[in-house]
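Visitor: Sequence:
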Amino acid sequence: MEEVDLLPPHTISCPLGYVSMKIGSKKVWEMVDTGSMINIIPAELAHAEDLTWRKSSTNIRTMGGHICEVKGVVEEKLMEVTMVRQPFSFLVTWATETILGRPFLFAFKSQLLFNPRLKEEVMMVEEGAARQFETTICQPGSGDWISKVEEERSHVCRKPLAEDF
Numbered sequence: 015m016e017e018v019d020l021l022p023p024h025t026i027s028c029p030l031g032y033v034s035m036k037i038g039s040k041k042v043w044e045m046v047d048t049g050s051m052i053n054i055i056p057a058e059l060a061h062a063e064d065l066t067w068r069k070s071s072t073n074i075r076t077m078g079g080h081i082c083e084v085k086g087v088v089e090e091k092l093m094e095v096t097m098v099r100q101p102f103s104f105l106v107t108w109a110t111e112t113i114l115g116r117p118f119l120f121a122f123k124s125q126l127l128f129n130p131r132l133k134e135e136v137m138m139v140e141e142g143a144a145r146q147f148e149t150t151i152c153q154p155g156s157g158d159w160i161s162k163v164e165e166e167r168s169h170v171c172r173k174p175l176a177e178d179f
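Going by the numbering used here, the sequence shown opens with residue 15, and the numbers climb by one from there.
There's no promise every hint is true.
As the list claims (entries may be wrong) - In silico BS3-like pairs for lysine-lysine, Cα to Cα no more than 30 Å straight-line:
| id | residue 1 | residue 2 |
| --- | --- | --- |
| 1 | K85 | K41 |
| 2 | K36 | K85 |
| 3 | K91 | K41 |
| 4 | K69 | K41 |
| 5 | K85 | K123 |
| 6 | K40 | K91 |
| 7 | K69 | K40 |
| 8 | K133 | K41 |
| 9 | K123 | K40 |
| 10 | K85 | K40 |
| 11 | K123 | K36 |
| 12 | K91 | K36 |
| 13 | K123 | K91 |
| 14 | K69 | K85 |
| 15 | K69 | K36 |
| 16 | K36 | K133 |
| 17 | K123 | K69 |
| 18 | K133 | K123 |
| 19 | K91 | K69 |
| 20 | K123 | K41 |
No wet-lab data here; the hints were simulated from the structure.
Model the full assembly from the supplied sequences, consistent with the hints where possible.
Guide: Here it is in structure tokens:
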């Protein structure tokens with residue numbers, strides 16, 4: 015068995031990608047976080063798109079250990095990603111970005127793949143058994159991996175240019 019060197023504790027290798035999503039009447043770029051067990055939508059966006067939510071008095075703890083107050087839950091709201099419409103749920107928080115986590119990936123039967131021809135990561139979603147759609151989730155020129163927390167410059171995947179679906 016081959017030994018693998020573990021990454022130093024100050025090293026991060028977790029690039030996040032973005033996908034275009036239609037929420038209500040608004041088309042926005044949303045972060046895909048494959049490690050998140052929840053979907054999060056900012057309260058400001060939920061208000062702007064007049065989404066109905068059930069109030070909640072729950073708090074969640076982020077990976078960094080910060081406590082985040084959950085204002086409510088948007089349940090089974092129909093959303094569109096890559097030409098596929100599916101209902102799924104969000105926690106409403108004071109976050110600044112929408113986070114699409116594992117519940118989103120499961121609802122859309124998503125697969126994250128590396129496309130060697132395009133040399134980039136893509137997300138494939140299914141609409142029924144016969145139709146599949148694919149979109150780039152992080153374009154190659156849009157960012158890099160974060161290699162050290164101490165680095166002051168930001169090497170993160172920025173939101174890619176809008177695509178016409």
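Visitor: Does the structure keep K69 and K36 at a Cα separation of 30 Å or less?
Guide: Given pair K69, K36 holds - Cα atoms ~23 Å apart, limit 30 Å.
Visitor: Verify the proposed pairing of K36 with K133, using a straight-line Cα cut of 30 Å.
Guide: holds, 26 Å
Visitor: Would you mind confirming whether the straight-line C-alpha gap from K133 to K41 stays at or under 30 Å?
Guide: The given pair, whose Cα atoms are some 26 Å apart, holds under the 30 Å limit.
Visitor: Please verify whether K69 and K41 have alpha carbons no more than 30 Å apart.
Guide: holds, 25 Å
Visitor: Mind checking the alpha carbons of K91 and K36 for me, to see if they're no more than 30 Å apart?
Guide: With a Cα-Cα distance of about 11 Å, the restraint between K91 and K36 holds, given a limit of 30 Å.
Visitor: Does the structure keep K85 and K41 at a Cα separation of 30 Å or less?
Guide: holds, 23 Å
Visitor: Taking 30 Å as the top limit, are the C-alpha atoms of K69 and K40 close enough?
Guide: holds, 23 Å
Visitor: Under the criterion that the straight-line Cα-Cα distance not exceed 30 Å, is the pair K133, K123 satisfied?
Guide: Since the Cα atoms of K133 and K123 sit roughly 23 Å apart, the hinted pair holds (cutoff 30 Å).
Visitor: K36 and K85: Cα distance at most 30 Å?
Guide: Roughly 22 Å between the alpha carbons, so the hint for K36 and K85 holds.
Visitor: Taken at face value, is the distance from the CA of K69 to the CA of K91 at most 30 Å?
Guide: holds, 15 Å
Visitor: For K123 and K41, compute the direct alpha-carbon distance and say whether it is at most 30 Å.
Guide: Holds, because 21 Å separates the two Cα atoms, which is no more than 30 Å.
Visitor: Decide if the proposed pair is consistent with the structure: K85 and K123, CA atoms, cutoff 30 Å inclusive.
Guide: holds, 28 Å
Checked against the numbered hints given earlier, the structure satisfies every one of them.
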